[in-house]
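Novice: As a plain string of letters, each chain reads:
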Amino acid sequence: MTENKTILICDDDEGILELVSIILEGSGFQTVCVQNSLEIFKKISEKDPDLIFLDLWMPQLSGDQVLKTIREDESFSGLPVIVMSASRDGAAIAHQAGANDFLAKPFDIDELVDKARALMR
Amino acid sequence: MKEETNKNGFSPGGEQELELMRKALDASITGVIITNNLLEDNPIIYCNAAFERMTGYVRNEVIGRNCRFLQKEDRRQEARQKIKDAIENGEACIVEIRNYKKNGNFFWNELYVTPIKDANGVVTHFIGIQNDISPRRKAKEDLERVQRDTDRLVMERTRELRESEEYLLSILQTVRECLIVLDAEMKVLTVNDQFLRVFKVSRAETEGTKLYDLGNGQWAIEKLQNLLENVLPSNNPVLDFEVEHDFPHIGKKLMLLNAHRVELEGQYKDHILLAIEDITDRREIERRKDDFLSIASHELKTPLTTVRGFIQLLQKTPNTQLPDQFSSALEKANTHLDRLGNLINELLNVSKIQSGNIEIYRDYFDINEAISETINAFREASKTHRITLKGSIPEQYYGDESQIVQVVKNLISNAIKYSPEAKEVIVTISMVSEFVKISVTDFGVGIRPDEQNRIFQRFYRVSENQKSFPGMGMGLYVCEQIIENHGGTIWVDSEPGKGSTFSFTLPLLINNDRK
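Which chain is which? The protein sequence lines are E and D, in order.
Here the first sequence is numbered in the working numbering, starting from 1 and rising by one per residue.
Here the second sequence is numbered in the working numbering, starting from 1001 and rising by one per residue.
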């Protein structure tokens, strides 16, 4: 059931992290927040999430670079990633980097939850 | 006469000779007179037929008069003094003198005066040989006048040329662009000082050299050569040709080239004026501005996302727990957040369009459905206007759905915004030849003809709308750019007070290079 699912959220903006985790927890998921994108790989190994919400524009390591690394690493194979971005090119960049879905900021909270659910069915 | 001849020692055979000579004189076309210097006032004692013809006088009107009668009232001539001196000194002379015919007509008389002396050296007679040289004189005067006029014209022209040359020179040296004049072989004839300053080169190493050999061959670009060599034969100018190059002395620069054929009243047609502008800094500033706008609008969206999300969370709280005015306030906050979001999007779009890197993500989509969905969203939000959709197209359209939807959204929201008194907005989709045509019609305030062309300009606002209809003047600009990027056209038909119809067309067939 959803209660067992863990979602990792990676965004450099604290407000977004808080919002997304409140929304997801309100929908019955467990969440892990990563603000410094360099720490994401360690967190993935630690928490073994079922889904990742990944921002694109981040100062340490950009979202598409993170995603490429994830896709190249066999131990992370099959891990669904939803890229979220305020950039207009976001969808294209996300698609190119191998994202499973894209969520444009600002987003609708139902949309966010729907997209998360769809990928963890 | 016989006695006279005898007295003068003429033989009888000489008399016949004399008669012949008289006839010869009359046959001459040169006027001949003889005056008797021994008589008072040196009167004319003989004139030939040519003299009669020349002056219009007959013999009996001439004999006995002094030659000066031919001058009539025109007595102050330099030539007179010369004749007078010659007569007094018993010398020959030749003058050109103004004489008058019997009818008063003036003629130039070339007069040879020769004295006849007796054995003692006393001047007994003068012979005057006369020629009407009026035509010759006139031709000469005409020639002199033409020469004078020519001289004057040449002087004026020279002065004008010098003035306009100085004028042009001052322009050439003042403009901030580098200017080069090239001949048909692309050899540099002249450059202005700015050229020498910008490229840090000397006049000597520049003028006389082929353009393509300048510096380290920076202008030897095949495409530029083709364009330049086409300027003279076709009179097609080279417009805004950009050259990015690592130039000697000045390093990597971006130069903008414009070249035109030089034409000065048919002269110098074989010359090309090439203007070069260093746009390195300008381009860099534009790029930084675009970067700034991109980053700014991106950064604005992040807090907007958070605020919007938390408001939505509040709205999701079961109604029983919140008072009524609470939920209505949240709804309003949400509406205005949407507006803020749209403004930020527009700003981002403008900055992208400006930097030329708005990308089209084309895919096949059902344009009928996309527009229908867009209209439905408006129907839910706007209770004031009835939005009707007419027509449909049978095919899928290959283009950027989100951009096309953006255009339709902008047009519908404008239609609602600028028709506060009206109740209806009509959206029409149709196929026209191989184009999709979409129109949005309102029955609102309309647009004056002189404003109709300008409303697509960036940040342009119809002046009387500034206060009653707030906005940033970006919507239509973005629409036009998007439609143009799709190879289409957007335009408006409008009448003030009656309403406006904004229409755009999109070609269904797309060039392969656009895909």
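I should point out that these hints are in silico values taken from the structure, not numbers from a laboratory.
Check before you lean on any hint, since a few could be wrong.
Stated by the list, open to error - Derived pair list, reagent style DSSO-like, types lysine-lysine, alpha-carbon separation capped at 27 Å:
(1) D/K1437 with D/K1390
(2) E/K5 with D/K1316
(3) E/K68 with E/K43
(4) D/K1140 with D/K1023
(5) D/K1140 with D/K1102
(6) D/K1437 with D/K1417
(7) E/K115 with D/K1409
(8) D/K1498 with D/K1409
(9) D/K1316 with E/K115
Novice: Each hint: holds or not?
Specialist: Checked hints:
Taking the CA atoms of D/K1437 and D/K1390, the gap is about 12 Å. The hint holds against a cut of 27 Å. Of the supplied pair hints, the one linking E/K5 and D/K1316 holds, its CA atoms being roughly 23 Å apart against a limit of 27 Å. In summary, the hint linking E/K68 to E/K43 is supported, as the alpha carbons are separated by about 17 Å, within the 27 Å threshold. For a cut-off of 27 Å, the pair hint linking D/K1140 to D/K1023 is broken: about 34 Å separates their Cα positions.
Of the pairs offered as hints, the one joining D/K1140 and D/K1102 holds, with about 25 Å between alpha carbons and a cut-off of 27 Å not exceeded. Proposed proximity of D/K1437 and D/K1417 is supported: the alpha carbons are some 23 Å apart, at most 27 Å. At most 27 Å may separate the alpha-carbon atoms for a hinted pair to count; E/K115 and D/K1409 meet this at roughly 25 Å. Simply put, D/K1498 and D/K1409 have alpha-carbon atoms about 22 Å apart, close enough for the 27 Å limit, and the pair holds.
Of the supplied pair hints, the one linking D/K1316 and E/K115 holds, its CA atoms being roughly 18 Å apart against a limit of 27 Å.
Hint compliance for this structure: hint 4 alone is broken.
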